[in-house]
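Asks: Here is what each chain is made of, one letter per residue.
Number of protein chains: 2
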Amino acid sequence: MFIPAIEGQGTEEQKQKWLPMAHNMQIIGCYAQTELGHGSNVQGLETTATFDPQTDEFVIHSPTLTSSKWWPGGLGKVSTHAVVYARLRTDGQDYGVHGFIVQLRGLDDHSPLPGITVGDIGMKFGSGAYNSMDNGLLRFDHVRIPRNQMLMRLSQVTREGKYVQSDVPRQLVYGTMVYVRQIIVSEASCALSRAVCIATRYSAVRRQFGSENGGPETQVINYKTQQSRLFPLLASAYAFRFVGEWMKWLYIDVSKRLQANDFSTLPEVHACAAGLKSITTSATADAIEECRKLCGGHGYLSCSGLPELFAVYIPNCTYEGDNIVMLLQVARFLMKTISRLVSGKMPVGTAAYLGRVEHLMQCHCEVQRAEDWLKHSIILEAFEARSARMSVACAESLSRFSTPEEGFGEISADLVEAAVAHCQLIIVSKFIEKLQQDIPGKGVKTQLENLCNVYALSLLHKHLGHFVSTGCITPKQGALANEQLRSLYSQVRPNAIALVDAFNHTDHYLGSVLGCYDGNVYQKLYEEAWKSPLNDTVVPDGYDEYIRPLLKQHFRTARL
Amino acid sequence: MFIPAIEGQGTEEQKQKWLPMAHNMQIIGCYAQTELGHGSNVQGLETTATFDPQTDEFVIHSPTLTSSKWWPGGLGKVSTHAVVYARLRTDGQDYGVHGFIVQLRGLDDHSPLPGITVGDIGMKFGSGAYNSMDNGLLRFDHVRIPRNQMLMRLSQVTREGKYVQSDVPRQLVYGTMVYVRQIIVSEASCALSRAVCIATRYSAVRRQFGSENGGPETQVINYKTQQSRLFPLLASAYAFRFVGEWMKWLYIDVSKRLQANDFSTLPEVHACAAGLKSITTSATADAIEECRKLCGGHGYLSCSGLPELFAVYIPNCTYEGDNIVMLLQVARFLMKTISRLVSGKMPVGTAAYLGRVEHLMQCHCEVQRAEDWLKHSIILEAFEARSARMSVACAESLSRFSTPEEGFGEISADLVEAAVAHCQLIIVSKFIEKLQQDIPGKGVKTQLENLCNVYALSLLHKHLGHFVSTGCITPKQGALANEQLRSLYSQVRPNAIALVDAFNHTDHYLGSVLGCYDGNVYQKLYEEAWKSPLNDTVVPDGYDEYIRPLLKQHFRTARL
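So the protein sequences, as listed, match chains A and B. Take the position in the first sequence, starting the count at 1, then add 4; the result is the number in the working numbering. Take the position in the second sequence, starting the count at 1, then add 4; the result is the number in the working numbering.
For the record, the hints were derived by calculation from the structure and aren't laboratory data. Be careful, since some hints might not be right.
Note that identical chains are pooled: a pair holds if it fits in a single copy or bridges any two copies.
[What the hints assert, rightly or not] With a straight-line Cα cutoff of 25 Å, these simulated DSS-like cross-link-like pairs (lysine-lysine) come out:
{"#": "1", "residue 1": "K228", "residue 2": "K466"}
{"#": "2", "residue 1": "K340", "residue 2": "K466"}
{"#": "3", "residue 1": "K260", "residue 2": "K438"}
{"#": "4", "residue 1": "K556", "residue 2": "K535"}
{"#": "5", "residue 1": "K535", "residue 2": "K340"}
{"#": "6", "residue 1": "K21", "residue 2": "K556"}
{"#": "7", "residue 1": "K449", "residue 2": "K228"}
{"#": "8", "residue 1": "K340", "residue 2": "K21"}
{"#": "9", "residue 1": "K228", "residue 2": "K340"}
{"#": "10", "residue 1": "K21", "residue 2": "K438"}
{"#": "11", "residue 1": "K19", "residue 2": "K556"}
Take the sequences, apply the hints, and build the full model.
Replies: Encoded structure:
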């Protein structure tokens, strides 16, 4: 993030000076924004950058303990430079948070420069995961940097200390945000597909109960309880992949518009990226742990690959925007969109359905038989109606409070649910759009149809309360969806292994004994066990010191 | 489990011989049941114990790779003996799984005895957790033990090799199972209370957004989104504690009955213990991770205490009965109970409400205003009606299949949901029963009332689909419950810290910088960071070897 920060917020001159050095590894840079006491609220950062007109320098300082920079990756032990976000003070005023390039360590001996305190923040979740890198802390004691190390593309401080805003539109920075979040969504699909691949393959190997006449027991993947937990996750891995691909298009589209000074789609795109980042990462984190449980006891072994996958993945729910904060941003967008409908402003893109809100508030689901739930149009309308009705209900609740802000705080849990409904609709609709394209490979489309329906109907079953209590579907129709879901599981079952093989993960990449391609799980588990360092000796270290005295009743006098 | 196994299944003679040795640590024993290929299905174990009448011995053998004993704690490196579960073969017949005392290692040098292969199964989830003990693997190559090392309280093999069953009722072994599961439920409350204590205290320290006129930001515990995630978990910690206490009584009661050869309550007690084990441990595992997320980024630090708590806790969902298998056992009990209603057999204990099934199928919830949801009778009837209706719907579905077994497999996911509904009812009802007792301490009862209502109404909100689609409540009543829940959160808020302080966890026991009693979180985080081994040197190890050559552009020729 050191380089993108300079690319996005640096002047041409700054880019020409700093980027080649960073690219050639003559310096190692990191992005130092988060502080010990400040994460989601970037405007609350405390580090100060005070302009000193006498020397033409900024004085970077950490005025409080909570202003210590905290978490940046590689900051603690490796980086020589950082883009530091600090409150710009000049001319007797606070101009809010800006970026500054600050050198942290000497290029000859790597010692921290005067006024710089830098170190590692300590151990983190898991045995490997982010423990294989340092996350740093950083404090400044009146560290001076030249004025030209403030990133000055969007605003400048003159030699005299005057603050000047450039005419570069601020909205341009949102482009990078969409780009980063699109990558996170794609990575969610990737992480989820790994977990699902492991759990699916192992579920076909593992047998338990159901032996008839002394024959082999039943493969656990054949149990409906296993299918009802596993197959929605398999469908989600595909769903997130397709919505990730679509987000790539979205990023390109919005970038083009931004370059042409067209900011019309930006609020919708921003809400979309924030919401999808949130629900795909939350769902993926939960799904990895569910896949571990689906592997029974052996999922708890490190060699299952799932503990490490989980420990590495879960920070996604917090970084680049805490998932609940993201959903509240989506909710704000939805409330604004609805409030503007009365003035005839038609919503665009993924919010376009809200333009049909009158219809969606009164439409009736036409499902009469379980198979009716296979129709895309029916699924789509149910999801649109549910999302629209939940948003409208929130908007009505808000109007009963004396100020919108008070209402927004009070019903924020409901707003989060409305935002989730909206984002799930986006994913369902992008899956359906994908199916309207040409899909190469014989029979592939049928399988994807099944997964799309599994994805949508399992969400409908999970959030049945929303669908039924908003009147979008009747209890009877909910039961029919559940019945159809069971039948879909039976259709997915014969292709489940092929559908995870299609992710094309190598055994090396999966890093899981349980998920190995050839299914020779038990042999590999047994071989892996013998690699445990505890097995280096047959009689364990410490036997003479601890175990033997115990067994021989040679207790020492207690020394406590 | 070595000692309880001998106590439960050993003869008087065996108890007198082996228990003193185990108690005095002259031998170290473990309980070796689970195999590489067999966990939940104990009857599928493959290890064999074949009686040889010529030598009056059993031959213990591992005929396949999957028959290797796998997971027993302390088996790999420490234990000298094990109670090994193996298929008893004598007289040309297989009599199923029985327990045998087998010596594994010599008492003089701790070497594995001839025919014994024993070792550790390798690393597990987390950095500490269960990695601080060995979990073992064990294989037998025709290992001979004397006949009198078969645990013979319930059945015997005579000198001639004849299999004889004693008249000791088999049901007695269920007593121990209830005992163990009661402990697991109590421990769920304990683990959950630790996580909730950490997250609640830190939520009062952490501030983010909402600063007015330059004042401090808002404590995150004041956000409704935080409350709606945190307070139901706080309420659950109390709920699980009370249901755990009640289970202690249940264990004593059933033990007395078993001793008097009264087996009438056993099926109900067994279903109850299985179900409560399942839903309290699943809820607690999820809750610990949710508490971690509620602590934002800092929850990911090891010093938050939450990663370790999670890694240590999650095996509870799998061991002593996989949680889904447990719920299917509850569902079987519910289906049996309902099928017997027609013959006038009235259910007892926690299933007694099913005796009022006719009323529960047609009753209407009387809630008209949000405050009506505070009435215990209304909450209880809603939970009873929902559980009864879900069970009856499953029973009706089952009757449409050609065999009950086929139906049970096909709708097992629905059966699991019905079992969850039944178990949640038990917890809600025991919380309400607790409140009908005398509660010492001024104002304590009011706080517990609030938590009880939070627990029940948050479940109702989470499972709204079940309540509404079974017609137990109307959508309007669901919305009123949600409204009441918001108001309850406001009432819990001022006492939230006191309610977690009441768990009386010391800072040492909590092991969490974020959850420290004095709230001096940031200072402690900062001090803790400097203890990281990476901070032992200012310039990191490896600088000269890796970082300096990079920065100085002294690239070596690639050796790949």
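Asks: Each of the hints needs a verdict: does it hold here or not?
Replies: These are the hints, each one checked on the structure:
1. For a Cα distance limit of 25 Å, the shortest separation of K228 from K466 qualifies both inside one copy, at 16 Å, and across copies, at 23 Å.
2. Proximity of K340 and K466 under a CA criterion of 25 Å is satisfied in neither setting, with 28 Å inside one chain copy and 27 Å between copies.
3. For the homomeric pair K260 and K438, the shortest alpha-carbon distance inside one copy (23 Å) is at most 25 Å, but the shortest distance between copies (64 Å) is not.
4. Taking the shortest Cα distances, K556 and K535 never come within 25 Å of each other, neither inside one copy (31 Å) nor across copies (40 Å).
5. For the identical chains of this complex, K535 and K340 are neighbours neither inside a copy (59 Å) nor across copies (48 Å), given an alpha-carbon limit of 25 Å.
6. In this homomeric assembly, K21 and K556 come within 25 Å of each other (Cα to Cα) only across copies, at 18 Å, whereas the closest approach inside a single copy is 73 Å.
7. Taking identical chains as interchangeable, the C-alpha atoms of K449 and K228 lie at most 25 Å apart only when both belong to the same chain, with a minimum of 24 Å there against 44 Å between chains.
8. Taking CA atoms no more than 25 Å apart as the test, K340 paired with K21 passes in neither setting, with 43 Å inside one copy and 78 Å between copies.
9. Within a single copy, K228 and K340 get their C-alpha atoms only as close as 43 Å, which misses the 25 Å cut-off; across copies the closest is 21 Å, which meets it.
10. In this assembly of identical chains, K21 and K438 lie within 25 Å of each other by CA distance neither inside one copy nor across copies; the values are 44 Å within and 71 Å between.
11. Taking the shortest Cα distances, K19 and K556 sit within 25 Å of each other only across copies (21 Å), while inside one copy they are farther apart (73 Å).
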